[in-house]
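Please build the complete structure, drawing on both the sequences and the hints.
The opening position of the sequence shown corresponds to residue 17 in my numbering, with each subsequent residue numbered one higher.
Careful, some of the hints might be misleading.
To be verified - Distance ranges between label pairs, derived from CB positions:
id : residue 1 : residue 2 : range
1  : Arg325    : Thr201    : 37 to 43 Å
2  : Gly241    : Gly203    : 14 to 20 Å
3  : Thr205    : Arg306    : 33 to 39 Å
Stated by the list, open to error - Taking lysine-lysine pairs in the DSSO-like style, the calculated list, with each CA pair at most 30 Å apart, reads:
id : residue 1 : residue 2
4  : Lys321    : Lys255
5  : Lys297    : Lys321
6  : Lys193    : Lys255
7  : Lys255    : Lys297
8  : Lys194    : Lys255
Everything labelled a hint here was simulated from the structure, so no lab data went into it.
Please read these numbers as outputs of a predicted model, since none were measured by experiment.
Note that beta-carbon positions come from the ideal geometry of N, C-alpha and C, so glycine has one too.
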Amino acid sequence: MKRAAVEQAKQQLIQAHDVAEQFFETAAELEALMRAIQEDTAAHLASKKPFVRKLAAALEAVCVAENEAQIAEEAVADINLTPGEVKAMMLLQLKTQESVFAAERNALRAANEKLQVRLDALEHIVEALVTHPRFGPIETTNFGVAGGNPPRVLWNNLNKFDTSIPLLEHAVLAGQKKAVEYLLTLGITPKRCQASWCPRTKDSTVEKANALHYASQRGDSVMLGLLLDNCDEGLINQKGAIKTMENRHEGTQLTPLFVAARAASLPCVQLLVERGAETHKDMYEVPEGREGDLVAGFLQTHGSKSVRRF
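Written out as structure tokens, the structure is:
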């Protein structure tokens, strides 16, 4: 009888709602953990392990919850009452029941869509961390080849290498726009980074590059725009140590504008100048070629008195 099927599906819906509630609790805890990791970048790797272990476990729980909720929703969607059956089984009662049931099904479907959006964002964050070379060599950068368990790949990698670079910088370096957008919604924004946070910086008096430097180095004006919309105004002219081509500037303090000019990224150079980057304080290095000509010309028409070509 369809009545029994409806009752069974309603129980599945109740269970799915419970799963969804557990997911939102897990997601909230995960967001808090990511903030804690972001704020604790100066700590030793050993002190990060509990955070990372919980992050990996939380993401696995999210995957399980989303899958179970989807299964329950699909089971509910399979139940359709024909007009004849409705008439034979107390028309008014079943219509009311079907209406309530449809509302529950729609609510669950909407919840599942919201879960999927958040899950996609979290997976992009994990992918940004797993694939970035600053973690050191790993066996694979593909989730499928990784055995379908990206949190485990992430945990194994974090367990081997220094993780003092903030999450936002990792996402920018990996070019993960969704991850950057999600981190920004959590209040994780570009910040002034001190060299003591990065053991690879030889001179402890030199400040490390921030997220603006890395977006400029990639020539990613879209990513750079996102970061500029969410950072302190003074950060745009902060100098930081960043490796450039030929490692000529390792340990040297460079501005995001210098890095963008050396990458011959006219869109990034234009965006930085529009947002207040100072053009007259540095001797810029711009590569030869058409893109370099455009960058050099732009800098010179906007106050730069020293541009060296290479």
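*Could you check the structure against the hints above and give me the numbers of any it violates, in ascending order?*
none
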